[in-house]
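Enquirer: Note that the protein sequences, when read in sequence, are chains H and R.
For the first sequence, position 47 matches number 47 in this note's numbering, and the numbering has no gaps at all.
For the second sequence, position 94 matches number 94 in this note's numbering, and the numbering has no gaps at all.
Worth flagging that the hints you see were computed from the coordinates, not collected in a lab.
A quick note: this is a predicted structure, and the numbers were derived from the prediction, not measured.
All residues carry an ideal CB built from backbone N, CA and C; glycine is no exception.
Accuracy of the hints is not assured; some may be wrong.
Stated by the list, open to error - From the structure, some residues in chain H lie toward chain R, with a derived Cβ separation under 8 Å:
hint	residue
1	F136
2	Y138
3	V143
4	I147
5	L243
6	Q245
7	Q267
8	F270
9	V282
10	M287
This is what each chain is made of:
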Amino acid sequence: MKVPGHVIKKQKRYWQLYLLALIPFTFVLLFNYMPMYGILLAFKDYSIKKGILGGRWAGLKYFRQLFSIPNFPLILRNTIVLSIESMIIGFPFPILLALSFNEIANKNIRKVLQTITFAPFFISTVVVVSIIFQMFSYRYGVVNSIIRALGGSAVNFPGIAGFFRPAYIFSGVWQGAGYSSILYIAALSAVDVSLYEAAAIDGASRLQKVLHVDIPCIAPTIIITLILNVGNILSIGFEKAYLMQNPVNYKYSEIIATYVYKTGIEQAQFSFATAVGLFNSVVNCIMLVLVNTIAGKISETSLF
Amino acid sequence: MKRKSSLHKWRNLPAGDKAYLAFVYLFLALFVTIVIYPLLYVISCSFSSPEALIQGRVFFLPVEPGIQGYEAVFSNARIWSGYANTILYTATGTALGTSVSMIAAYVLSRREFPVRGFLTIFFMVTMFISGGTIPMYLWLKRLHMLNTIWAIVVPGAVSVWLVIVARTFVQSTIPEELFEATSLDGGSYLQYFLRVVLPLSKPILAVLALNFALGQWNSYYNALIYLNDASKYPLQIILRDILIQNSVDVTNSASGGTDVNNQMHRQYLSELLKYSLIIVSSAPLLIIYPFLQKYFIKGTMIGSVKG
């Protein structure tokens, strides 16, 4: 088939765009798509000599290995529980913050408070974890200083297995709530003023305005954030769990991501660790689609 | 004056509103206190004397103020090297990421570009599917990028989320008439990008640069996995070693006596050093963010509208 002349001419006009596009395209191809090829490793025996794809096919051997390790139920449960608890406890705070900021009439005060709650977002995970450990340290921590000053006896918090989850979850709230509230603040600032006026005419109290105007107006934002959170339920961050992990809290702090790191990077069981990672991604994808479908049915707000 | 009038307003509120507002203010006061206190505590500790710190006498303000902790931080060679590496990685990663992502945003913003739809999907897919830790590690190993700065700064250069944010900005704020004017003058796509789009995209370039810079400055995971040469470690890895794994040695100066007092003092000092180190590593961001936060907020808001 002959290509019409004007099409060729048009394509020629775009050569600079193609050239420009080639730069990010190459980056994404090399560093996002090429590694995907390595997923095949989960179904093959890795051989140092023959590289990623040279090994023998292993079928589902590494997945069977994963499901048969005694710790697997524990690791899976830790990942899910930590994630769900983080979500349930962390989710309402940004919304409450945004609704509260909305009640402050003085713009300057509001700005100062918002700026303060934003601060922890700029602190690294390493520093957040070390602040927790410093403040709760048995010998020198301020929490134990207070307990001692009040006449109690000091508690070695980092040495208690049950300390891990609350510390993990609430430091997450501490770090992220101010930042996450931005979305809701933006949604609230877009609320139609006539709705408030109508509510005032109906004699609504402040609380009623919040319940019947503010919350319904930010509901779509809430639902989308919720979908995204649930979709990421198994991809809970490696960094903080790994940094907070010690032999005592292992039974709560070992999650899929830390397990992949240990088996893959530390013990070089490449095929097995790839299989674990792949299992994680697949479950995530399923969750995202599932939650999105449910949310779409219930509220007509969905991601795609 | 103003105070009086707001007090007046408060009196006129119905009881239910008063109760509700009191609850709201209490919640905010509590939350802000909880956010501020750990930061204040760390700052105060860092400026206290080692003895006051160890004896648990610091609660709010510095006790026996001094800068011994900071002296210890600045005399530690590893911290300097980590700092220098982090600055290098942050500068390189930010420059590279901002340029590449902005180019991607520009080509995606041209609606007449024939492969625009394909490219958008090509980029977006990577938000949901990735190779995972091990395939990425092996791939970088094969490219001989492990243990180099490139493993840290190159793989994340296209941030799809930021590309979409920047594309939305370019599409919605730069008037199409400017493109037509440039074309009529015989200007090419490249000239339009360099002479019109870039100068008009300064706010969004700031959004990109700041997000890349924040990510690099605080990044720890990539260095942990891809680097194994201690001289290349960024600040966050050094921080982990000193703050969490307690591997600090403040005796790198030749002060090493073996008497008990000296040793105890050193142990105190290494505890104090942790607080000063937290401040030294976090201060650059904590000082500048109040002036730049509008750019982070802007990025998040554009991203949420057209995610």
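Enquirer: Tell me, in ascending order, the numbers of any earlier hints that this structure violates.
Expert: Checked against the structure, the hints that fail are numbers 1, 2, 3, 4, 6, 7, 9 and 10, while the rest are satisfied.
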